[in-house]
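**Student:** Residues per chain, in single letters:
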Amino acid sequence: MTIPRYLAHRALLGVVQVLVVMAGMFFLTEALPGDAAVTIAGDNPDPAMIADLRERLGLNESSWHRLGDWLVAALHGDFGQSLLAPRSVVDIVASAAEPTLLLAGLTLVLLIPLSVGLGVLAAHREGSRLDRLISGTTLGLYSAPEFAMGILIVTVFAVKLGWFPPTAVGTSLTDNPAVLVLPVFVLLLRPICSLSRLVRAGMIDAQQSDYVRHVLRLGLSPARVRFTHSLPNAVAPAAQQLARTVDWLVGGVIVIEAIFVVPGLGTTLAAAVAARDLPVIQGLAVVFATTTVLVNLVADIAARVLAPTAEVGR
Amino acid sequence: MRTVRGYAIPATLVAIPLLLALFGPLFASGDTTKDVAFSLDGQHWFGTDFVGRDVWNEVLLGGRSLVLVAAVATICTYLVAVPLGLVAGMTRNRALDEVLMRPLDLLLAVPSMLMLLLLVSIAPQAPWVLIAVVALINLPDVVRISRAAALSLSARPAVEAMRLQGESRIRIGLGYVARSMRRTLAADLGTRFTGATYLVASASFLGVGLSPQASDWAAMVDRNRVGLFVQPWAVVVPALLIVMLAVGVNLTFDRLLRDRQPTFLETP
Chain A
0 MTIPRYLAHR ALLGVVQVLV VMAGMFFLTE ALPGDAAVTI AGDNPDPAMI
50 ADLRERLGLN ESSWHRLGDW LVAALHGDFG QSLLAPRSVV DIVASAAEPT
100 LLLAGLTLVL LIPLSVGLGV LAAHREGSRL DRLISGTTLG LYSAPEFAMG
150 ILIVTVFAVK LGWFPPTAVG TSLTDNPAVL VLPVFVLLLR PICSLSRLVR
200 AGMIDAQQSD YVRHVLRLGL SPARVRFTHS LPNAVAPAAQ QLARTVDWLV
250 GGVIVIEAIF VVPGLGTTLA AAVAARDLPV IQGLAVVFAT TTVLVNLVAD
300 IAARVLAPTA EVGR
Chain B
0 MRTVRGYAIP ATLVAIPLLL ALFGPLFASG DTTKDVAFSL DGQHWFGTDF
50 VGRDVWNEVL LGGRSLVLVA AVATICTYLV AVPLGLVAGM TRNRALDEVL
100 MRPLDLLLAV PSMLMLLLLV SIAPQAPWVL IAVVALINLP DVVRISRAAA
150 LSLSARPAVE AMRLQGESRI RIGLGYVARS MRRTLAADLG TRFTGATYLV
200 ASASFLGVGL SPQASDWAAM VDRNRVGLFV QPWAVVVPAL LIVMLAVGVN
250 LTFDRLLRDR QPTFLETP
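Residue numbers (numbering that gives the first Met the number 0), protein chains in the order written: chain A, 0 to 313; chain B, 0 to 267.
Hints listed in this document are in silico derivations from the structure and should not be mistaken for laboratory results. Heads up, the beta-carbon is just placed ideally off N, CA and C, and yes, glycines get one too. Every clue listed holds true.
List of simulated lysine to any residue pairs, SDA-like, C-alpha gap at most 20 angstroms:
#1 A:Lys159 - A:Ala177
#2 A:Lys159 - B:Val225
#3 A:Lys159 - B:Gly226
#4 A:Lys159 - B:Ser38
#5 A:Lys159 - B:Val229
Coverage of chain A stretches by chain B, computed from C-beta distances (three or more under 8 angstroms per stretch; other residues unrestricted):
#6 14 to 27
#7 138 to 150
All chains, full assembly: derive it from the sequences and hints.
**Tutor:** Structure follows, in structure tokens:
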């Protein structure tokens, strides 16, 4: 398959994925017990008031009808109003996006050089004590839940040593960069572990391959061979894992924002789920799902460009 | 001697949380009289928690739910995923393969924590709901692995020979392909279990897992966070046990796989 055809194929699949996920999310959130009318009515609900609220919020229309309306509006960038606050969903998501984007962006920026570096280093010293230390640590830590690691790290570095603030309460992430250190560190842990292991395995494979042996015989310097010939092949599988990482980052961000009390998308989602604020949940679900699909798309294409022979994205 | 030494650290890391989780409830006292919240006087080994319960007693009680829910969810994943993968990998009907595999691509497009939050909050708070959701989230990966294994196995001459002899497809599938897949699947088991543990614990931490009143390590971390400065033990002990469990299981499985090379590395 040529690159443009592959691109078109993958892009189409991506669009279908997002649409189906949007419809799926819509019906899922519909199934949440209770609805916003009950939530707004409060502790002593008056049946007449609930009926009136349902009518005004459009909750009495059929689900299919509302799905259609919602999809058409969403494609125009209108995700409706929050049921609980007099704000539009777009407004709520936009204002919560900044801290989350800052956390996730900073993590990604640090993640790639750190994990590639660690992987290349371990592969270079394969079998050494350093390699065993890196491999053992990355293997052990990659499935440790962020909340448990996070709380242990906070206990040591914020409570006992007092080096960094334990939460982001009462300050903004941009004004006080020290607040960012611990959350980003915890967010980095899992993806670094999986990526650097893949880079290490890929580097060792590539260094032992016939063509690398061949270019070495041709007289190219080992360092040049390592970085221009082996590394791209080693990074290709890692690029796909990077897409998986976005899934971890979304999960990690929800947990990390809870631990460090960051007012971002994760906190907004948790609050919206608790309050059954359907439009906000649907808007956030679309944002998260679209990001995941887009990053998968980019990763598949990157992997194909880096290593054209590899079987990628069935 | 080398191999025994290699197992010492991983085995210890798994054994402590696992034994506490499985047998802890037998040693826990039913005495739940409440003391002062977040106190650290000498009366309690690790002090008291946010409502004044003994932390050590809660630790003894709180591991079982996590380990059992994660283990049952892992088993359920395999029970559903392996037959699906077997059918998709062995069928010669391309359309059936697509029908089975395409929906899984969609499942992968939804971030797992988002799915967990939504699905678990829809259903009543019960262990079986959590088990079903965690099993569902882990499903696509296991189906893919079993499909790939079945696909490469069913191309073998042995399978062709059995077909020529007129063996039924069900017999070939269960008697040969499924049995030969065992190794590939066993190699993956550790990852699946730690993955399930991760999801179950994170759900409980976010308050959508088990009942908030239940004694649970992850819920303890969440509930006792407010007292971190006063009484860190109530948070550190359960968090450390969860990390030890995840790290230990990973390291142990890695050891097992490396010692049984090359038979275990029969990846398709």
